[in-house]
Amino acid sequence: MERLYLISFGEIALKGENRPFFERMLTQRIKQVIMPYDKNVQLKNVHGRIYCFTQAPKEKVAEALKKVFGIVYICPAVSCENNIEDIKNTALEVIKEQDYYGKTFKVETRRPNKSFPLKSPEVNAQVGAYILSNIEGLKVNVHDPDIRLDIEIREKTFIYSEKIPGPGGLPIGCTGKAISLLSGGIDSPVATYMIMKRGVEIEPIYFHSFPFTTDRAKEKVIDLCKVLAGYSGKIRLHVVNFTEALKEIGKNTPEEFLTIMMRRMMVRVADKIAEERGAKALVTGESLGQVASQTMEAIAATNEVASMPIFRPLIGFDKIEIMDIARKIGTYDISIEPYADCCSVFVPKHPKIRPAICEVHKAEEDIDVEKLVSMCIEGIEIFDVTP
Amino acid sequence: MRQVYLDNSSTTRVSDNAAKSAFEAMTLYYGNPSSMHRKGIEAEKIIKEAREKIASFLGRTANEIYFTSGGTESNNWAIRGAALSLKRRGNHIITTNIEHPSVLEVFKVLERQGYKVTYLNTDEDGFIDINDLKKVLTEDTVLVSIMYVNNEIGSIQPISEAAEAIKSYNKNILFHVDAVQAFGKIDLVPALAGIDLLSVSGHKIHAPKGIGVLFVRDNANIEPLIYGGGQEKGLRSGTENVPGIAGLSCAAWEITQNMKEWKIKMKSLKKRLKDGILEKIPDVVLNTPEINSAPHILNASFIGTRGEILLHALEGKGIFVSTGSACSSHKGGASHVLKAVGKSLEEQDSAIRFSLSHFISEDDIDYVIETLTEEVCEIRKFVRR
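Residue numbers (numbering that gives the first Met the number 0), protein chains in the order written: chain A, 0 to 386; chain B, 0 to 384.
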């Protein structure tokens with residue numbers, strides 16, 4: 000009898016020739032998250048699954064693996080020899096670890112190893128009968144059981160009754176790197192999470208505008224990065240000192256265009272950093288129509304100054320849906336801390352809602368864009384944030 | 000960078016001597032004052048001496064001094080303890096609408112529990128009218144709570160007149176005074192005449208945080224808030240904070256010994272700051288009253304800026320101030336005090352509180368005025384509301 004975790008990965012299994020690459024990324028990440036609890040963790044790639052052998056406490060393992068993109072299910076399992084007596088006894092042990100009293104169960108056997116003498120239904124029947132006769136307070140229900148006991152007969156037999164869902168997606172880093180524009184708000188961390196889930200390594204950038212926003216707002220963004228780093232491992236945060244640029248824009252732009260000008264400046268800076276850091280895309284938390292700067296026209300105006308694609312995973316989401324995800328991934332409580340994010344001061348009374356691109360260009364005439372971008376880039380502060 | 004700390008109404012730097020006293024209490028006299036052995040008696044002695052000292056500063060006796068965890072606990076205990084013990088005599092309690100949250104929130108709780116609460120209004124300078132108080136006293140009134148010095152704008156309430164009005168109406172009504180911003184800063188009513196309960200906080204007078212005093216007149220019965228081992232004559236259980244008490248005793252001694260001198264110094268600094276602001280910066284509204292205000296508090300609105308931004312701009316230059324009170328600054332929203340004294344939204348939004356200490360120099364004030372002038376001018380360019 001040996002304890003292990005069976006880790007299944009959904010989407011990766013569909014990959015063709017690249018599959019070993021994805022699997023390697025995934026195993027690396029799994030090792031990384033379990034190592035702090037068990038330096039001797041062993042991983043084995045078998046039949047499109049990963050077997051994880053570790054002495055780390057089960058809660059720690061489950062908690063860590065639940066945050067590894069690429070994993071669809073984690074099953075804490077027990078393995079035994081391929082003989083029916085061993086199987087029966089092990090199955091009984093596994094059930095006993097459950098909170099079984101007053102519940103129903105069924106046994107579900109798969110037998111890829113056809114050399115095993117008993118057929119699946121026979122194993123179901125024998126193991127089921129054995130459990131029933133040895134445990135009180137448990138009944139059979141083959142249609143809708145509370146507990147499903149899975150038996151897989153392969154080179155060895157694996158028995159498990161728990162299936163912990165993972166986050167799905169693709170392993171971090173396997174699809175490249177992107178720069179995410181992180182504010183202290185609710186949306187941008189969620190957008191960042193969603194792009195991370197597609198296997199993208201993220202380097203967030205935060206535009207700090209002290210004294211118009213407090214240093215606590217910066218701490219808040221660092222805290223958000225800590226949560227996100229729980230899913231990806233170490234995150235490199237770039238904090239741009241945006242104050243002087245903001246002042247220039249404030250002085251030289253017609254008020255109604257302030258927000259658009261700010262966003263264009265932010266995208267330009269992010270684009271530049273992306274280039275330097277070898278990132279291939281930008282990520283923002285925009286959702287269509289949520290505020291004046293998130294209309295099609297305004298989005299087009301920000302798009303124009305980017306040399307690389309801007310991913311907007313929340314574009315079709317409602318605020319409620321975004322908040323739900325934020326709660327689920329653990330960023331919500333940090334996001335709602337009351338420190339004003341990016342300069343609530345520089346909000347025009349009547350922002351231009353549908354700016355024509357020629358108007359935007361005209362509004363920008365009096366700004367030395369190049370100078371401001373390099374000014375922002377110069378003063379960057381870097382934080383390496385770990386979970 | 001030069002640092003000027005002007006947030007002394009939020010908290011003060013612990014004085015070297017007070018820190019030394021606390022340190023000695025932690026490392027040398029660390030016994031539990033309730034223990035029977037010598038170590039315990041040493042610690043008990045510190046408390047006894049501190050109690051006597053503080054009593055003498057208040058012009059009262061040691062058996063009327065109770066140590067608490069600070070101003071908030073003192074206020075909570077005084078009000079709840081009094082309301083609870085006098086429940087049978089009546090359920091009407093009175094306070095003002097510019098009290099500190101540690102008073103107002105307790106009144107709100109009592110209101111929900113069925114007490115009838117009267118909140119006295121203040122005039123535009125933040126003073127209550129004694130006639131208003133006289134009018135609302137009733138047969139059912141059991142407690143009146145009025146702060147001595149307002150923590151946001153510095154107005155000094157007519158405590159003596161209030162005490163007289165209350166006691167001449169009915170001497171059984173308990174009178175609580177939150178003196179957290181007053182103790183050591185202004186002359187209190189001699190021998191606390193007419194005051195039954197009085198709160199003091201350590202960290203506002205250069206003692207450590209986590210220690211405070213509640214004065215309870217010897218014939219006033221109030222219910223305890225914290226039960227347990229029966230310390231403080233059974234009225235405030237819990238092992239005494241000996242280091243805090245030692246620090247408080249020392250700081251209280253220093254502040255009362257030097258009060259005259261420090262008061263004059265702070266008054267002159269405050270005047271220098273006020274005059275400088277009014278001279279150099281246009282569109283300023285003073286929220287601190289011209290007369291009868293504490294020597295250490297100056298509150299002003301810089302129209303066309305926002306308090307929070309100005310605060311951070313000054314912070315960037317090493318100057319630490321606050322917008323209204325630090326206790327409510329995490330909650331966002333405007334100051335209830337400025338609102339209560341009838342300040343406009345714009346005035347509330349652009350208010351800054353400067354609170355002084357004797358550590359500040361004239362040079363510091365000049366630096367503040369100069370920096371303030373620059374920053375206000377800069378911010379006014381951008382804040383367009």
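Source of the hints: derived by calculation from the structure; they are not laboratory data. Don't take each hint at face value.
Some, not all, of what chain B presents toward chain A, calculated at C-beta under 7 angstroms [what the hints assert, rightly or not]: (1) Ala164; (2) Ile308; (3) His311; (4) Gly315; (5) Phe381.
Ideal Cβ positions, reconstructed from N, Cα and C, are used throughout, including at glycine.
These are the hints, each one checked on the structure:
Checking Ala164/B against chain A: minimum C-beta separation of about 41 angstroms lies over 7 angstroms; hint violated. With a least beta-carbon distance of about 5 angstroms to chain A, the hint placing Ile308/B at the interface is held under the 7 angstroms criterion. Using the Cβ-Cβ criterion of 7 angstroms, the hint placing His311/B at the interface with chain A is satisfied: the shortest such distance is roughly 3 angstroms. Given hint, Gly315/B at the interface with chain A, holds; its Cβ is 5 angstroms from that chain's nearest Cβ, closer than 7 angstroms.
With its C-beta approaching chain A no nearer than about 5 angstroms, Phe381/B sits inside the 7 angstroms limit, and its interface hint holds.
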